[in-house]
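Protein chains: 2
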Amino acid sequence: MTEFRKIAIIGLGLIASSICLSLRQKDPAIQIVGYDNDKEVRKRAKRIGLCEIESNIEKAVNDCNLIILCVPVGQMYPVIQKLKNFIEPGTIITDVGSVKLSVIKELEAHTEDAKGKFVPSHPIAGTEKSGPDAGYAGLFDGRWCILTPTKKTNKKALKSVEIFWRFLGMQTKIMTPEHHDLVLAVTSHAPHLIAYTMVGVVDDLETVTKSEIINYSAAGFRDFTRIAASDPVMWRDIFLNNQDAHLEVLGRFTEELFSLQRAIRKKDGDYLLRYFERTRSIRKGIVAAGQDTGIPNFGRD
Amino acid sequence: MTEFRKIAIIGLGLIASSICLSLRQKDPAIQIVGYDNDKEVRKRAKRIGLCEIESNIEKAVNDCNLIILCVPVGQMYPVIQKLKNFIEPGTIITDVGSVKLSVIKELEAHTEDAKGKFVPSHPIAGTEKSGPDAGYAGLFDGRWCILTPTKKTNKKALKSVEIFWRFLGMQTKIMTPEHHDLVLAVTSHAPHLIAYTMVGVVDDLETVTKSEIINYSAAGFRDFTRIAASDPVMWRDIFLNNQDAHLEVLGRFTEELFSLQRAIRKKDGDYLLRYFERTRSIRKGIVAAGQDTGIPNFGRD
Numbered sequence: 038m039t040e041f042r043k044i045a046i047i048g049l050g051l052i053a054s055s056i057c058l059s060l061r062q063k064d065p066a067i068q069i070v071g072y073d074n075d076k077e078v079r080k081r082a083k084r085i086g087l088c089e090i091e092s093n094i095e096k097a098v099n100d101c102n103l104i105i106l107c108v109p110v111g112q113m114y115p116v117i118q119k120l121k122n123f124i125e126p127g128t129i130i131t132d133v134g135s136v137k138l139s140v141i142k143e144l145e146a147h148t149e150d151a152k153g154k155f156v157p158s159h160p161i162a163g164t165e166k167s168g169p170d171a172g173y174a175g176l177f178d179g180r181w182c183i184l185t186p187t188k189k190t191n192k193k194a195l196k197s198v199e200i201f202w203r204f205l206g207m208q209t210k211i212m213t214p215e216h217h218d219l220v221l222a223v224t225s226h227a228p229h230l231i232a233y234t235m236v237g238v239v240d241d242l243e244t245v246t247k248s249e250i251i252n253y254s255a256a257g258f259r260d261f262t263r264i265a266a267s268d269p270v271m272w273r274d275i276f277l278n279n280q281d282a283h284l285e286v287l288g289r290f291t292e293e294l295f296s297l298q299r300a301i302r303k304k305d306g307d308y309l310l311r312y313f314e315r316t317r318s319i320r321k322g323i324v325a326a327g328q329d330t331g332i333p334n335f336g337r338d
Numbered sequence: 038m039t040e041f042r043k044i045a046i047i048g049l050g051l052i053a054s055s056i057c058l059s060l061r062q063k064d065p066a067i068q069i070v071g072y073d074n075d076k077e078v079r080k081r082a083k084r085i086g087l088c089e090i091e092s093n094i095e096k097a098v099n100d101c102n103l104i105i106l107c108v109p110v111g112q113m114y115p116v117i118q119k120l121k122n123f124i125e126p127g128t129i130i131t132d133v134g135s136v137k138l139s140v141i142k143e144l145e146a147h148t149e150d151a152k153g154k155f156v157p158s159h160p161i162a163g164t165e166k167s168g169p170d171a172g173y174a175g176l177f178d179g180r181w182c183i184l185t186p187t188k189k190t191n192k193k194a195l196k197s198v199e200i201f202w203r204f205l206g207m208q209t210k211i212m213t214p215e216h217h218d219l220v221l222a223v224t225s226h227a228p229h230l231i232a233y234t235m236v237g238v239v240d241d242l243e244t245v246t247k248s249e250i251i252n253y254s255a256a257g258f259r260d261f262t263r264i265a266a267s268d269p270v271m272w273r274d275i276f277l278n279n280q281d282a283h284l285e286v287l288g289r290f291t292e293e294l295f296s297l298q299r300a301i302r303k304k305d306g307d308y309l310l311r312y313f314e315r316t317r318s319i320r321k322g323i324v325a326a327g328q329d330t331g332i333p334n335f336g337r338d
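As you go down the protein sequences, you meet chains A and B in turn.
Going by this note's numbering, the first residue of the first sequence is number 38, and it counts up by one from there.
Going by this note's numbering, the first residue of the second sequence is number 38, and it counts up by one from there.
Incorrect hints may appear among the rest.
[Stated by the list, open to error] Here are some chain A residues pointing at chain B (derived, C-beta under 7 angstroms):
| hint | residue |
| --- | --- |
| 1 | Gln68 |
| 2 | Arg180 |
| 3 | Val236 |
| 4 | Tyr308 |
It is worth saying that the hints were derived from the structure and are not from the lab.
The beta-carbon is built from N, C-alpha and C at its ideal position, and this holds for glycine as well.
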């Protein structure tokens with residue numbers, strides 16, 4: 038159960054639409070009001086009946102207990118500027134941003150001024166699709182939500198937001214924003230940048246045709262294209278807002294890649310074999326923890 | 038239909054077992070005899086009834102019309118050394134190696150000496166699993182098989198092998214071995230090396246725990262672990278045998294990665310956005326060509 042009876046959602050993409058669909062399944066009595074800056078998105082969300090839609094952000098947050106900011110990380114600041122005079126004292130505000138330090142910096146002071154209670158959170162769930170049509174009720178099932186309270190975070194509000202994400206089917210974990218940003222740089226941001234890079238390299242090749250790339254992609258490349266089909270604006274904002282952690286992880290990545298490149302050049306088969314042998318155990322752990330399917334090729338073929 | 042009535046398969050891993058299961062579905066009258074260097078693998082293949090199993094390579098190829106070499110690329114030379122005195126004149130030999138130039142160099146002269154007819158081929162299909170239990174009948178359905186004849190390749194034998202792979206449900210394409218090795222470096226080998234590298238980087242981190250990696254892997258990283266769970270010996274051999282193409286593609290990859298790293302450092306959001314926007318179209322092409330599912334997250338969640 039969640040105590041929130043009226044929830045405002047700002048930004049109507051994949052996460053927002055999944056929250057709507059999941060909440061509707063779990064407790065249809067909860068009132069959800071949605072707002073998006075983009076008129077077309079509002080229209081679409083209204084047509085598919087996602088939730089109540091307001092074309093005015095002030096009205097959207099009127100009288101609600103919880104505001105969830107589901108906009109790209111780079112939009113958090115503009116949104117809170119528009120919103121801060123309309124937050125009613127005591128309202129709990131949370132966000133779903135993939136970067137926490139920069140978002141906290143932009144949101145915490147303003148929500149405090151407005152006497153709102155800000156709880157930084159990050160539900161780790163998503164697909165390569167985006168927009169109000171991309172959501173589905175089961176997106177959060179069994180996935181993890183990380184909460185990153187600061188010294189200023191209201192303890193009771195933290196608990197309420199934690200219970201909210203659990204109500205949606207998530208497991209929760211509390212850590213510092215600094216540590217969150219490093220962990221996500223490794224498990225999410227660096228893999229995305231690398232996938233974008235690999236797809237970009239292929240897109241640029243003159244010696245291999247597009248139809249060859251497409252036809253023979255089942256040999257590994259197609260997996261990279263799924264990740265590299267993710268929302269460009271969302272990812273631009275993530276990379277602009279977690280610079281230190283990204284540069285640290287990418288530095289290590291190139292160091293390792295060079296060591297493997299050197300082994301290829303020197304025909305050092307033992308080095309390659311040792312490297313390739315130790316990576317299977319991590320896969321096993323992920324499957325055992327229920328964070329991926331163990332069926333070959335993700336069961337897609 | 039295929040003209041081959043008795044087929045010998047050397048090396049009983051994922052591809053070999055999938056050939057057996059697929060052939061059995063399509064024409065149970067075809068006789069299949071399997072051999073593997075590893076006694077345990079032979080035992081396992083026999084227990085699961087994959088095909089007739091011979092513990093002697095000479096007997097395995099006795100009186101057959103087609104020999105398919107399904108060993109890692111690095112084993113092609115030792116296998117042909119063991120085999121060459123037992124190949125009957127006129128027998129067609131093909132292989133399934135992911136690298137063609139080096140395999141042709143090792144196999145063509147020897148099969149010629151034995152008056153066998155060698156047709157280099159590469160069925161592009163697989164999963165992250167390996168061994169005789171990993172195969173399934175549908176592995177080849179709709180996938181592509183590349184044939185890379187040389188000036189010495191017998192035209193009739195080429196046609197027969199092409200028909201064979203089509204019989205298993207594949208589409209076929211003929212190209213030069215040089216071009217094949219470049220195309221595969223891009224669509225398969227480089228993505229695998231990059232995935233192995235990323236998983237290795239994570240495995241080495243001291244600041245992030247293994248359980249954190251595992252729990253939060255759904256954000257992108259888990260996709261890399263699937264690829265990096267592929268057979269280590271097979272991949273070592275691929276990297277040792279397609280050096281020039283790999284170093285070329287990896288050179289381009291690091292160049293691109295550095296350009297994105299620089300954009301992150303300089304906070305050049307426009308560069309990042311432009312880069313991330315152009316990669317979606319390749320994904321669309323792959324899904325439209327039936328080479329991947331369009332369902333979010335490969336439909337696995």
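Check: Can you name, in rising order, the numbers of the hints this structure does not satisfy?
Finding: Structure breaks hints 1 and 4.
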